[in-house]
Amino acid sequence: MIELTLNGKKQAVDAEGDMPVLWALRDVLGLTGTKFGCGQAQCGACTILIDGVPSRSCQTTLADVAGRNVITIEGANGKVAEAVINAWVSLDVPQCGYCQSGQVMATIALLSENKKPSDADIDAALSGNLCRCATYQRIRAAVHEAARALA
Amino acid sequence: MLKTLFETASPSRRGFLMGATAFAGGLMVGLAPRGAVAQAGGQNPFQGYVAIAPDGVVTIYSAHMDMGQGIYHGIATLLNEELGADWRQIRVEGGSGNPKLFGNLAWGGVMQGTGGSTGTGSSFERYRRAGALARQMLVNAAAAEWKVPAAEIKIENGTLSHGARKAGFGEFAAKAAALPPPADVKLKDASEWRYIGKDRAVLGKFDSRAKSTGRQDYTIDVKLPGLLTAVMIHPPRFGAKVKSFDAAKAKAMKGVVDVVQIPRGIAVVADNMWRALKAREAVSVQWDETGAETRSSSDLMASYRAAAAQPGKAIATDKGDLTKGFASAAKVLEATYEFPYLAHAALEPLNAVARIENGVVEVWGGHQMPDVYQMAAAQVAGVTPDKVKMHVMKTGGGFGRRAVIDADIITEAVGVSKAIGGKPVRVQWTREDDTRGGRYRPAYVHRLKAGLDASGNITAWQNHVVGQSIVAGTPFAAGMVKNGVDATSVEGAQHLPYALPAMKVELTTTDVGVPVLWWRAVGSTHTAYAVEAFLDELAEAAGKDPVEFRLAMLKDSPRHAQVLKLAAEKADWGKPLPAGRFRGVALAESFGTVVAQVVEVSVQGKAPRVHRVVCALDCGIAVNPDNVRAQIEGGIGFGLGAILKSKLTLDKGAIVEGNFDTYEVLRMEDMPQVEVHILPSTNKPSGVGEPGVPPIGPAVANAFYAATKRRIRALPFNRPENA
Ligand code: FES
Ligand code: FES
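Sequence lines, in order, name chains A and B. Numbered according to the working numbering, the first sequence spans residues 844 to 994. Numbered according to the working numbering, the second sequence spans residues 451 to 1173.
Treat each hint with caution, since some may be false.
Capping the alpha-carbon separation at 20 Å, the derived lysine to aspartate or glutamate pairs in DMTMM-like fashion look like this [said to hold, decoys possible]:
{"hint": "1", "chain 1": "A", "residue 1": "Lys-959", "chain 2": "A", "residue 2": "Glu-988"}
{"hint": "2", "chain 1": "B", "residue 1": "Lys-704", "chain 2": "A", "residue 2": "Asp-857"}
{"hint": "3", "chain 1": "B", "residue 1": "Lys-673", "chain 2": "A", "residue 2": "Glu-917"}
{"hint": "4", "chain 1": "B", "residue 1": "Lys-1056", "chain 2": "B", "residue 2": "Asp-903"}
{"hint": "5", "chain 1": "B", "residue 1": "Lys-728", "chain 2": "A", "residue 2": "Glu-859"}
Simulated from the structure, these hints should not be mistaken for laboratory data.
Isolated chain A, as found in the complex (with noise of 0.2 Å):
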């Protein structure tokens, strides 16, 4: 049993150890809103929030996260979180959407250290996150739409 705070909430996980917490999510929780695309931290899929930081979840156990605080895209909330979805919906962003609950995660953490990425900065920070339809371009400004709500 691995006791870690998901989404605000303190969480028991019945699970081995070495589960990555991708799975556990998916598998064991029944939180299928993190996605798996590669497994192997070449694809942001599966990003999550701990503590606060971008994480590939399919390459963090469930060990490495007991007792921290997650965020999965199903608790994206507050804010930062709003301005993210808001611009993502309004420009829409999404083809598949497959690659996007990792897009949101990792723009959420981006603007909540950067109020006011400049493009390298966002080619930075989201570089990791393959789209494979290729909505970069909206990423993009979806990004900057967000920063200018929240300024």
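For this one, chain A is given, so just place chain B with the ligands on it according to the hints.
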């Protein structure tokens, strides 16, 4: 069984009158004709295009699956243009199990399918008609009840009204179903459209919020009681078979349910993905490689180059006098282009869910060809097709990978479920399984040769395409292979919009044990590169401007000329650029849509950096213009990533690349600024999901040449030979 499907299905337009019926206490429009292949599962909800429930919910059944191209949104737009429901009442689900209703009209209506950028075109008439019919029936029911003329009743945002009287759709759904449907309905004139052709401000995509908040479910998210997860062990070389395997250790591991052999390999079944993955490591398999492909990419390409230098085995185009054309040439140019195998690499790795209960098989997946998969599932499970129910899921991308005639992932899911007593199971490939699992854009070599006269006009054009056939050996071959020419191998090269006095296109189809498939934009992913990059070489040799050079040959292709001019104008073609920036242009028609792109690049290290892409296109009526733009942006990104860095390498029959560290794709920092200009049109919609892809490669190659005087003739750009 598949063959029977193709033979017995008859074009749906003949003998099909749209009807209506009562359904679940509401109204269903688009009734199936008798004799359609039904699906299991009690009252079949998939017999219509739209159902209106007593609570007013409008459920539209889409003939096409949505892999991100936005067809659910497009179909809802078409239907609701006529129906007038409140958008908040509308749901879209995947229809299936009835080829007469959902058959793709671009494929003669014989089977349901998503592909070839045909969704909007095939849906344009039928879904508007279904919406109009449903509307008229609701109006008739209200007219009867309110005792007023039908013509005086209005429908707006899901409300029927006459003067002060108002009612929701739900109130009249059952009553409408009890009335005889009108024989015909009149569709709105284009001038009356409220949604079709309107921008995001009027009608944003209805699934954007779900997809931005993790609430959209894909196949990987299907939840069923007792659902198990299986991971596969596939042969490392294509064509190898299991000789024997030892799963004793794996079976003893925590959570492992079983390890079973099915025709496509070994499946490790566990109660969750992590345990299945760990147990997979513990299984050892001996392979029988007697029939396996054992060649490497280098062997294949050498043999392709040799074949390209010989006359082609089949002739796709032969017009004018080639010999005379070359004899009269002042200059003859030749070039050979090479294209690697490519993986679709959709972000959701391939998967499907199956369950067999009480003799009924259910399959959840990205059913791009549900009728084919229904047959395949029935065959594997040993039941008749009417005992198979297909649940069409949205998928995390696709790009063609989920339209597989041999129904690979579907047969795996059904096969594994059958092997474990029908228990519900998801077969989930990993990224590496997906990259190495076959069904690639084939590798090709193109050899081009052309003559130019003293004034720089083309006198003769010859193109020899060498590579595997996508449709050979499938039921599509009957319609798509003519005189030994697979249309998908030469599309984009066989017919050119340019006036050429003599033209010969040859094809040599190769026999390689690597399974291949359509990959977003199919043949044009390589033909357009070869044709448009070679044209740039010719323009230079002719001393002409690349846009002028093309326009001079487009006198009989006014659509193409118009699109090219628009792109050139919007990109300020011919005007000076900042130092270090260079332009390139390309034009390609695919899936009925004409696309021109002008790119601006600079050079970073040895590679092009693409800053801006100006794209003009004629796709007929743009039903959702912003989605057209999104598809073109996405197509450009998809094509750009491929030409810059994607390739699969065959090493003695095994694929070397596995994850995204080796199979490289476009990233945020590689994405250019894309501007899309849609030509106004009153023609029926043509494709947009794929046509954005073909021009980007050659446009970048041509700009890169302008910058460096180096022609990139073997893709991708980042291969060591290009450095
Ligand atoms: S699934 Fe974790 S980074 Fe791709
Ligand atoms: S929207 Fe499809 S992968 Fe990003």
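* Hint check, failures only -> Of the numbered hints given earlier, the structure breaks just one, which is hint 4.
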